[in-house]
Amino acid sequence: MCDLVARTGRHQQRYEHGRRLVAGCIPFRYKDNNDVTSEAGHKKLVEVLMINSQSGPGLLFPKGGWENDETVEEAAAREAIEEAGVRGDLVQLLGFYDFKSKTHQDKFCPEGMCRAAVFALQVKEELASWPEQSTRKRSWLTLSEAIERSRYPWVREALATGFSIWHENWSNGGDPSSR
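To convert, note that position 124 of the sequence shown is 124 in UniProt numbering; the numbers rise steadily by one, no gaps.
These aren't lab readings, by the way, just hints derived from the structure by calculation. Heads up, some of the hints might be wrong.
Stated by the list, open to error - Here are the simulated DSS-like pairs of lysine-lysine, each with C-alpha atoms no more than 30 Å apart in a straight line:
| id | residue 1 | residue 2 |
| --- | --- | --- |
| 1 | K31 | K44 |
| 2 | K137 | K100 |
| 3 | K31 | K100 |
| 4 | K124 | K31 |
| 5 | K100 | K44 |
| 6 | K31 | K137 |
| 7 | K124 | K137 |
Claimed, not checked - The following label-pair restraints were derived from C-beta to C-beta distances:
| id | residue 1 | residue 2 | range |
| --- | --- | --- | --- |
| 8 | A128 | P153 | 29 to 37 Å |
| 9 | K44 | E111 | 37 to 45 Å |
| 10 | A128 | N68 | 28 to 36 Å |
| 11 | N169 | D69 | 15 to 23 Å |
| 12 | Q122 | Y152 | 18 to 26 Å |
| 13 | K44 | R87 | 17 to 25 Å |
| 14 | T161 | Y30 | 37 to 45 Å |
| 15 | N33 | G56 | 31 to 39 Å |
| 16 | A128 | E16 | 32 to 40 Å |
Where a beta carbon is used, it is the ideal one built from N, C-alpha and C, also for glycine.
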């Protein structure tokens with residue numbers, strides 16, 4: 001049984017210019033790669049955590065409504081705990097991604113347009129129980145597997161452009177804030 005409870009409802013939801021504001025993250029970790037890449041030793045392989053969609057096939061990363069009583073960073077970290085059962089460090093804002101959600105149309109957003117702030121989250125802890133564990137399954141995937149199995153084009157874009165470009169620069173000792 002999980003002591004944490006997922007937030008529900010829209011009474012504190014943020015909207016801007018007819019779009020519902022959401023926050024999410026691409027959780028990642030490092031795994032030893034057995035391929036020798038240099039004389040210096042082994043290279044670490046990055047894996048990203050995806051969760052199943054509740055509305056059909058394909059995977060996505062944790063995301064959800066950004067509410068009035070929290071910062072965008074707090075919302076992204078909360079969604080990671082609620083939907084994927086992970087905690088960690090938000091390392092970088094990867095960008096903003098616009099998409100249309102048919103399931104999240106309401107009187108403030110009749111067209112269902114959303115804008116997601118997406119962060120890279122370096123996972124420090126995987127929880128044994130979490131609020132949505134009965135409806136969400138976690139999958140650790142390589143970046144190419146995650147892109148291939150993504151449910152939505154905007155999720156693929158966030159992985160392929162936002163995360164992969166940032167991570168390549170960051171892991172090679174470049175400026176972590178550049179995209």
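Of the hints given before, which are not true for this structure? 3, 5, 11 and 14
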